[in-house]
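Asker: Chains F and L, in that order, are what the protein sequence lines are. So for the first sequence, the numbering used here puts the first residue at 1; every next one is plus one. So for the second sequence, the numbering used here puts the first residue at 1; every next one is plus one.
These are calculated hints, taken from the structure and not from any lab test. Mixed in with the good hints there might be a few duds.
Same chains, same label: a pair holds when it works inside one copy or across any pair of copies.
Calculated pairs, PhoX-like style, for lysine-lysine (alpha carbon to alpha carbon, straight line, at most 20 Å) [said to hold, decoys possible]: (1) K291 to K239; (2) K239 to K144; (3) K89 to K60; (4) K201 to K259.
There are 2 protein chains.
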Amino acid sequence: MEKYLITGFSGFVSKHFLEFLESLNTNVAVIGIDINLPEFDYVHYKYVRCSFIKIDLLDKNQVDNIIYIFQPAYILHLASFSSVAYSWKNPIASFSNNTNIFLNLLEQIRSLNLSCRIISVGSSEEYGNVDEKDIPLTEDQILKPVSPYAVARVSQEMLSRIYVEGYGLDVVLTRSFNHIGPGQRDIFVISSFAKQLVEIKKYNKPVELTTGNLSIIRDFVDVRDVVRAYYLLFKAGRKGEVYNICSGNGVSLEMIIKKMAALLEIEVITKVDTERIRPNDNKIIIGDSSKIKAEIDWIPTYTLEDSLRDIINYWYTTIA
Amino acid sequence: MEKYLITGFSGFVSKHFLEFLESLNTNVAVIGIDINLPEFDYVHYKYVRCSFIKIDLLDKNQVDNIIYIFQPAYILHLASFSSVAYSWKNPIASFSNNTNIFLNLLEQIRSLNLSCRIISVGSSEEYGNVDEKDIPLTEDQILKPVSPYAVARVSQEMLSRIYVEGYGLDVVLTRSFNHIGPGQRDIFVISSFAKQLVEIKKYNKPVELTTGNLSIIRDFVDVRDVVRAYYLLFKAGRKGEVYNICSGNGVSLEMIIKKMAALLEIEVITKVDTERIRPNDNKIIIGDSSKIKAEIDWIPTYTLEDSLRDIINYWYTTIA
Chain F
1 MEKYLITGFS
11 GFVSKHFLEF
21 LESLNTNVAV
31 IGIDINLPEF
41 DYVHYKYVRC
51 SFIKIDLLDK
61 NQVDNIIYIF
71 QPAYILHLAS
81 FSSVAYSWKN
91 PIASFSNNTN
101 IFLNLLEQIR
111 SLNLSCRIIS
121 VGSSEEYGNV
131 DEKDIPLTED
141 QILKPVSPYA
151 VARVSQEMLS
161 RIYVEGYGLD
171 VVLTRSFNHI
181 GPGQRDIFVI
191 SSFAKQLVEI
201 KKYNKPVELT
211 TGNLSIIRDF
221 VDVRDVVRAY
231 YLLFKAGRKG
241 EVYNICSGNG
251 VSLEMIIKKM
261 AALLEIEVIT
271 KVDTERIRPN
281 DNKIIIGDSS
291 KIKAEIDWIP
301 TYTLEDSLRD
311 IINYWYTTIA
Chain L
1 MEKYLITGFS
11 GFVSKHFLEF
21 LESLNTNVAV
31 IGIDINLPEF
41 DYVHYKYVRC
51 SFIKIDLLDK
61 NQVDNIIYIF
71 QPAYILHLAS
81 FSSVAYSWKN
91 PIASFSNNTN
101 IFLNLLEQIR
111 SLNLSCRIIS
121 VGSSEEYGNV
131 DEKDIPLTED
141 QILKPVSPYA
151 VARVSQEMLS
161 RIYVEGYGLD
171 VVLTRSFNHI
181 GPGQRDIFVI
191 SSFAKQLVEI
201 KKYNKPVELT
211 TGNLSIIRDF
221 VDVRDVVRAY
231 YLLFKAGRKG
241 EVYNICSGNG
251 VSLEMIIKKM
261 AALLEIEVIT
271 KVDTERIRPN
281 DNKIIIGDSS
291 KIKAEIDWIP
301 TYTLEDSLRD
311 IINYWYTTIA
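So that you can see chain F by itself, here it is in the shape it has in the complex:
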């Protein structure tokens, strides 16, 4: 039976990963670890047998013990302080909780000489401020990280390469672009907009939405496509290689709001709060997905409209 360890288990990505595993109709064993408790049910599956252990991933001894005892064949390293805004306020915590916990993990795999594939989840933020001429971004693009979070992710990537080339570990790297999908917490921009718009619709609240800079363009990819990519990379990705996981399409935040308002059949007025404009924010990020398509035959299956509809439905059924 295949054994998976998932770090950062309590986020919405692992829930979707479990659902993907379940859809394969094959028994698998999963241990999830996180400092926060998961808010979803992880014990109701037929094929996925899942346990959760609440630990601080900075506690190296505890992480070491779990890996030693469980001996996973696959580690999906989702744990991350993934907010760019948070990283500007708490650069040390962002760095420790991204780079250092990952390094602890690699070091335990190395010291146990464990045969194990690790997916090192990175971010499109690693590219940094890029020229429009370099869009869409291929994996060969020079990385110019412009936030503490992005620096932590680039460091994680460099460490992965050292462990692959210097110590022979089996790490596959991703640069995952902005995930969207049902279940995402409302600290993330699209989920936050969706929740507010659903509230406006449901309770006839005032139609004003306070936002940051709406002109920024991002490449959004549905979490259900992302987790399928992680699975395929476990099975067929090349060791030491980095893969963009992206849709290949750019869309402005303004357009997302328009599309969601249309789905909800409401009109909305947006108001920019300058406090929410981040220093050094990237204007445009769109990925090139040719490599992952060519190598593991992955393309997104959810359209932007599919994702936005499901996100709206999620909030409709979730909020009181």
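Assemble the complex: chain F is given as a structure, and chain L must be docked to it using the hints.
Answerer: What follows is chain L alone, placed relative to chain F:
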């Protein structure tokens, strides 16, 4: 009176930096911090008033207090676990003691809003394995670090840029090439060779020297030139810029041994110990010093022969 804080005080670089400051005939105040005690006399100067505080730089509270109390105008951040070989054996310690202590330092400067210039000392190791066509290496070269130590240094550099561009700190970055000079500990290759050769000469010991790979080519620069560059960068370097500190000349370890043997008038047989060959070692590293020359008019003043002679004299007077 100018105030300098020197981290990693107990290494040989800070001793030479103090001597350079003394040569300026102007009163300055210096606090040195290090986890190890300095083995040189730092209280005998006329113009340099220097105190030493023994602390672990990973202890953020202590470092914070010292910066808060002393309010230095200049911080020379020499603290580092600078052995590549050590970093392969202890990647976590190497990363913590390079990247994380530097991040703690920057964060305290930021939170105090202290007007202070920091020299972030980096390493030629950051360049990694490079094509011969890219030699000599300019600062624009893409960094491809190939050891845990080098990754830690590149991370330090990326963090410096974030603090300059995102928070407005005044950091000047270096990529310092291999330092040599009197007083360097014998864990470093040239100093180790020199000490062994002096022992051979002084005690008529067997003329066999056990070495690692002698064909690797490095760009050696005298520590006394390096510290002068640090001083000039404090005064005239451009904030956020990175500068190679190098001689611009490459020389093989084999040639260094030959030159030292000639100075000592001995003949020596070298024997390669394969245990000492490191994984992923860079074959050739030579820097281009055009930028620092053009911007702050720095060129090395010590020839390789000057340096080797002084290193040999140092060991002649030091070993029992």
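Asker: Each hint needs a verdict: does it hold in this structure or not?
Answerer: Quick rundown of the hints versus the structure:
no.: 1; hint: K291 to K239; in the structure: within (14 Å within a copy, 38 Å between copies)
no.: 2; hint: K239 to K144; in the structure: between (24 Å within a copy, 18 Å between copies)
no.: 3; hint: K89 to K60; in the structure: between (25 Å within a copy, 17 Å between copies)
no.: 4; hint: K201 to K259; in the structure: within (14 Å within a copy, 82 Å between copies)
When the structure is compared with the earlier hints, no violation turns up for any of them.
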